[in-house]
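Residue numbers (the numbering used here), protein chains in the order written: chain A, 1 to 363; chain B, 1 to 531.
For the record, the hints were derived by calculation from the structure and aren't laboratory data. The beta-carbon is built from N, C-alpha and C at its ideal position, and this holds for glycine as well. Just to be clear, a hint being listed does not mean it is correct.
[As the list claims (entries may be wrong)] Some chain B residues near chain A, calculated using beta-carbon distances under 7 angstroms: (1) E318; (2) T340; (3) P351; (4) V360; (5) D362; (6) T376; (7) V380; (8) G383; (9) F384; (10) I385.
[Unchecked claim] Here are a few chain B residues that face chain A, going by a calculated C-beta distance under 10 angstroms: (11) G30; (12) A313; (13) G317; (14) D338; (15) F349; (16) L355; (17) H357; (18) L370; (19) S372; (20) L379; (21) A387; (22) D388; (23) R391; (24) D399.
[Stated by the list, open to error] Take a look, some chain B residues computed to stay more than 12 angstroms from chain A by CB distance: (25) P124; (26) A133; (27) R496.
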Amino acid sequence: MRLELVPRATVSPAARLLAPIGALILSFALGGIIVALMGRSPLTALDIYVLQPLSDPWALQELVVKATPLVLIAVGLSFCFRASLWNIGAEGQYVVGAICGSALALATHGTEAGAWVLPAMLGLGILGGALWGLVPAFLRVRFGVSEILTSLMLVYVAELMLDYLVRGPWRDPKGFNFPQSVGFDTAATLPILGDGGRLHVGVLFALAAAAVAWVVMTRTLFGYRLRVTGDAPRAARFAGFDERRTALAVFAISGGLAGLAGIVEVSGQIGQLKPSISPGYGFTAITVAFLGRLHPLGILFAGLVMALTFIGGEAAQISLRLPFDLTKAFQGILLFCVLAADALVSYRIRLVRRGVLAGRAPA
Amino acid sequence: MIEMVPREGDRAAAAPPPLVSLRGITKRFGTLTANDHVDLDIHPGEIHALLGENGAGKSTLVKILYGLLEPSDGAILWQGEPVALQGPQQARALGIGMVFQHFSLFENLTVAENVAVAMPGDLPIAAITERIAAVGEEYGLVLDPGRFVWTLSAGERQRIEIVRCLLQNPRLLVLDEPTSVLTPQEAERLFVTLEKLAADGCAILYISHRLEEVRRLCRTATILRAGKVVATIDPRSVRAREIAALMVGVEIGEVKAVPGHAMGPERLVVKGLSLPPEEPHGQSLREVALGVRGGEVLGIAGVAGNGQGELFAALSGERLAAAADAVRIDGTAVGLLDVTSRRRLGAAFVPEERLGHGAVPDHRLGENALLSRHGTGGLVARGFILADAARKLAFRIVDTFDVRKEGPDPRARTLSGGNLQKFVVGREILREPAVLVVNQPTWGVDAGAATVIRQALVDLAARGSAVIVISQDLDELFEVADRIAVIHAGQVSEPRPTRELTREAVGLLMTGALDESALKAAEEAGVVHAS
């Protein structure tokens with residue numbers, strides 16, 4: 001007896017839209033079971049994870065701040081994933097973007113450098129992330145190396161590089177030997193939106209990125225090129241869309257946006273370089289991209305949902321003494337549920353009772 | 001009038017009872033009824049044809065007979081006893097052997113090893129080699145058991161499949177479109193083998209859409225249309241056109257030549273075009289030279305897998321040549337230009353595969369109009385898609401070529417093969433290209449659509465374009481081409497005027513007799529008219 005996936009003849013558009021929502025509900029249910037097994041009340045956990053952050057104005061702002069890097073990275077990843085190219089290393093591109101932008105902030109530290117510093121930092125962040133992203137793309141088009149492996153492995157290279165910098169050359173001499181850089185000057189810090197809030201200008205970048213991506217994806221020849229490449233690679237070749245150039249372009253775009261997210265987070269949120277500048281945004285953004293159906297508007301929504309798990313996770317650490325690993329496990333459960341829901345929208349499961357071995361006959 | 005073969009009566013009284021009978025076989029896939037109450041009797045020693053268009057339900061029926069599909073309704077009687085086939089093993093145990101259209105062979109194993117993996121039990125290779133030789137001797141299936149499969153021609157590969165079946169002593173052998181990959185000479189050898197098998201009492205179910213070979217081989221033919229049996233006939237006593245009409249359901253037209261149009265200068269010139277294979281065991285192109293004039297259709301015949309796909313890729317620019325002047329379009333050297341640049345110079349291309357190559361299956365027709373037309377004006381402005389213009393173009397293609405579809409702008413995969421092919425060909429022809437290269441223009445297309453497409457190709461040439469038709473279908477080439485060349489092992493023979501050629505001569509070239517001395521011998525043997 002075994003299970004078979006049989007393609008559905010027709011797929012209703014409603015089912016496609018409802019699938020991520022069903023996945024959300026299912027993963028909350030699974031999360032509740034795990035919390036119960038750990039001896040806490042699932043209802044209390046739901047309250048702390050979801051309801052309290054959503055009813056507290058401060059936490060709502062925090063939600064948007066946390067969603068910002070997720071949305072920036074996921075929008076970039078959606079370009080890659082549309083074209084069936086798998087950039088798993090956004091975390092590394094985020095880190096390298098943060099390093100490159102910060103290099104300028106640290107170089108101009110304590111000087112009278114003017115308003116040009118911040119835009120130049122953002123530019124360097126984008127450039128750094130894009131170049132880091134182009135490494136796996138280049139290896140793929142030149143030597144046929146799997147971009148999945150190389151982009152992932154480069155994450156660890158980037159993290160170790162950051163670790164070396166903040167413990168070595170960039171360490172704050174007056175920082176009591178803590179592995180961290182000096183705090184950024186005002187000229188190198190992203191301005192806050194409005195008065196006294198938590199929202200910084202980076203939030204607008206995320207909204208702009210989603211809007212531009214939406215136009216590019218639906219209205220331009222470049223977006224069409226990505227969709228054709230992802231849906232039918234041979235047809236893309238027939239259309240004259242060079243597969244190598246496509247790969248380089250989408251890795252540069254997604255790397256650039258991840259790099260922007262990195263420098264935005266460091267300059268708008270953290271204010272200095274530390275060994276840990278991300279709770280795994282680059283990986284969580286993969287879930288965000290799929291939960292948002294690779295659609296910019298969906299990604300905005302999914303970014304907020306995933307940000308909620310971060311904030312709720314922090315609150316649960318404090319009040320329920322649940323480990324932060326639970327949040328990561330929950331994010332993993334969510335990704336699985338999203339992918340499973342996607343698969344079940346297009347396929348149905350059939351139970352095959354007798355063990356027919358098709359032998360040499362094609363099925 | 002169609003003369004029906006009597007089901008009962010004198011013949012049935014004299015003949016032994018049927019080996020296998022299908023009674024009311026019905027198979028539904030969702031709302032589609034692929035087989036609708038099909039009745040079929042096959043007697044021992046009979047070569048029974050199953051005729052029908054693509055999509056008529058032949059493959060479904062055969063899969064049911066081989067235990068790969070369960071019928072929704074109906075019964076299979078084996079020597080009068082009802083059987084419920086639980087899978088191919090059980091079908092094989094009863095004595096049913098099957099040769100599929102697409103072979104399932106391991107390229108990197110030898111002939112004997114490929115036979116061994118299909119045999120029950122643990123026979124030593126030496127014993128199998130012996131049995132291959134014995135069966136080969138008896139039925140004229142010449143095979144070298146030690147050869148690696150990747151070195152073999154399609155005809156030889158098919159012989160392995162047949163030998164595999166014969167070693168299990170089948171009482172019914174089913175062949176699905178066996179000649180689609182064979183040269184006429186190879187097909188003739190297959191027929192001799194099948195006749196010998198039938199004479200020894202083996203029943204054969206022969207699936208085809210080619211009338212001529214069915215008339216050559218079979219005395220009974222069951223014709224399927226839209227899942228139903230529309231007639232059971234003696235194919236020798238009914239005219240080919242009437243059989244075709246039964247298969248299609250309407251009388252089909254003939255392609256009309258356009259008389260008296262002038263031949264222009266050469267618009268597509270290929271010289272010294274060589275291309276290494278793209279993948280292991282792939283075909284390379286070797287020193288291809290061709291010239292096609294405006295007003296001319298050049299046919300390129302050949303058995304599948306001899307470099308047709310590679311030639312198409314090199315002409316279209318999907319793969320670039322080594323030198324710029326290997327390919328010229330209207331005098332411009334384009335060997336190093338990509339496919340979009342070649343389109344801008346007036347060339348247009350139709351690949352062999354409709355779904356996934358010539359069109360994106362999940363995209364709507366409007367978007368698919370863009371696929372090959374985005375670079376040639378009118379559909380894209382400053383990087384932005386003019387979606388309305390693209391849809392209008394799609395509608396114009398649909399109107400001009402009578403593309404049947406559901407809904408205003410459906411996804412490509414919802415169209416039938418023939419209608420999608422009309423769309424893909426029409427998309428290129430509406431551009432009035434200077435040069436058109438088409439690979440397998442009517443592969444898997446119903447006869448009605450095939451006629452429309454062939455006529456459009458002939459008409460396009462008459463308006464002054466140079467047209468290359470790469471096809472495995474000799475009848476098609478003789479219908480549309482002014483000159484025919486043959487591609488074999490990556491080499492293309494000197495094109496010869498169609499009127500000087502016979503099918504036999506082209507078939508000889510398809511087996512690789514490329515040099516003039518072989519042709520001369522053929523002329524002397526009378527298969528080629530001296531020019």
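Results of checking the hints against the structure:
no., hint, in the structure
1, E318, "5 angstroms, holds"
2, T340, "3 angstroms, holds"
3, P351, "6 angstroms, holds"
4, V360, "4 angstroms, holds"
5, D362, "6 angstroms, holds"
6, T376, "10 angstroms, violated"
7, V380, "5 angstroms, holds"
8, G383, "5 angstroms, holds"
9, F384, "5 angstroms, holds"
10, I385, "6 angstroms, holds"
11, G30, "5 angstroms, holds"
12, A313, "9 angstroms, holds"
13, G317, "8 angstroms, holds"
14, D338, "5 angstroms, holds"
15, F349, "7 angstroms, holds"
16, L355, "8 angstroms, holds"
17, H357, "4 angstroms, holds"
18, L370, "6 angstroms, holds"
19, S372, "6 angstroms, holds"
20, L379, "9 angstroms, holds"
21, A387, "8 angstroms, holds"
22, D388, "12 angstroms, violated"
23, R391, "14 angstroms, violated"
24, D399, "24 angstroms, violated"
25, P124, "20 angstroms, holds"
26, A133, "22 angstroms, holds"
27, R496, "31 angstroms, holds"
Comparing the model with each numbered hint stated earlier shows that hints 6, 22, 23, 24 do not hold.
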